[in-house]
Amino acid sequence: MADVELKIIKPDKSLEIDYRAAITEFRELGENNIESLFSRCADNFDAYLKATLQAEGGYGLPEGYVPFTTFWTVMNNEKIVGFCNFRHYLTPSLKIEGGHIGYSIRPSERKKGYGTRQLALILEECRWMAYTRVMVTCDFDNIGSYKIIEANGGKLTGVAISPRSNKKVNQYWIDL
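Position in the sequence shown counted from 1, then plus 5, gives you this note's numbering.
Possibly wrong hints are sitting among the right ones.
To be verified - Each computed DSS-like pair below joins lysine-lysine, with the alpha-carbon atoms no more than 25 Å apart: (1) K12 with K152; (2) K173 with K100; (3) K172 with K152; (4) K15 with K116; (5) K84 with K18; (6) K117 with K12.
Said to hold, decoys possible - Ranges of calculated distance between the beta carbons of each label pair, as one might list FRET restraints: (7) I166 with A26: 33 to 43 Å; (8) T137 with S19: 30 to 40 Å; (9) E21 with E61: 29 to 39 Å.
Treat the hints as calculated values from the structure; they're not laboratory data.
Note that the structure is predicted; figures quoted are calculated from it, not measured.
Glycine is no exception: its CB is placed at the ideal position from the N, C-alpha and C atoms.
Whenever a hint applies, use it, and build me the whole structure from the sequences.
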């Protein structure tokens, strides 16, 4: 893995085919949350790109959503290994579940250390945007995710019950 270059980029037309392949992997596992907000433009990649730009500026969002920036984690400039969204601020509901950062690793690329590296990259982006502290949450029983968060300096500050799923959610803060 030492020769693998990972970086985060904003969605890019040049990776449309790989984006569609990655989304198919999530769908095949029944993991549809990765594209839920953008499902209205699932078959129109240009509309998806436009929607990501609008979301960053806070335009066209459903009620209760906050502006957010979408990033893809790419390997060697050619393969998408993960997705992350950075929410620009927290609402009361995001303080319970969601936090500033949501992320997922492409199913075929899991258990390779990419999640830890992806979160480190998005945290670096947060520092660049002058954030000094961010919140990240994960399901209580998602061992892989909480290991990723803790490996990146996450301090468990609470456990809440998700109003959506009624499951326990770990709440972490990461000082930047």
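Next on the checklist: Within 29 to 39 Å: is that where the Cβ-Cβ distance between E21 and E61 falls?
Outcome noted: 19 Å, violated
Note to self: So if I understand the rule, the pair passes when the alpha-carbon distance is 25 Å or less; does K15 with K116 pass?
What the structure shows: The given pair, whose Cα atoms are some 24 Å apart, holds under the 25 Å limit.
query: Is the hinted pair K172 and K152 satisfied, with a Cα-Cα distance of at most 25 Å?
result: The hint holds at about 19 Å.
- Pair hint outcome, K117 versus K12 [Cα-Cα no greater than 25 Å]: The hint holds at about 15 Å.
Query raised in the report: Okay, T137 versus S19 on CB: inside 30 to 40 Å?
Result: 34 Å, holds
Q.
What's the verdict on K84 and K18, does the C-alpha distance respect the 25 Å limit or exceed it?
A. Answer holds: K84 to K18 is near 13 Å, not above 25 Å.
Holds or violated: K173 to K100, with C-alpha atoms at most 25 Å apart
Holds, at roughly 14 Å.
inquiry  = Checking one constraint from the list: CA of K12 to CA of K152, max 25 Å. Satisfied?
reply    = Roughly 20 Å separates the two Cα atoms, so the pair holds.
- Query: Is 33 to 43 Å a correct range for the gap between the Cβ atoms of I166 and A26?
  - Reply: 36 Å, holds
In summary, the structure is inconsistent with hint 9 from the numbered list given earlier, while agreeing with all the others.
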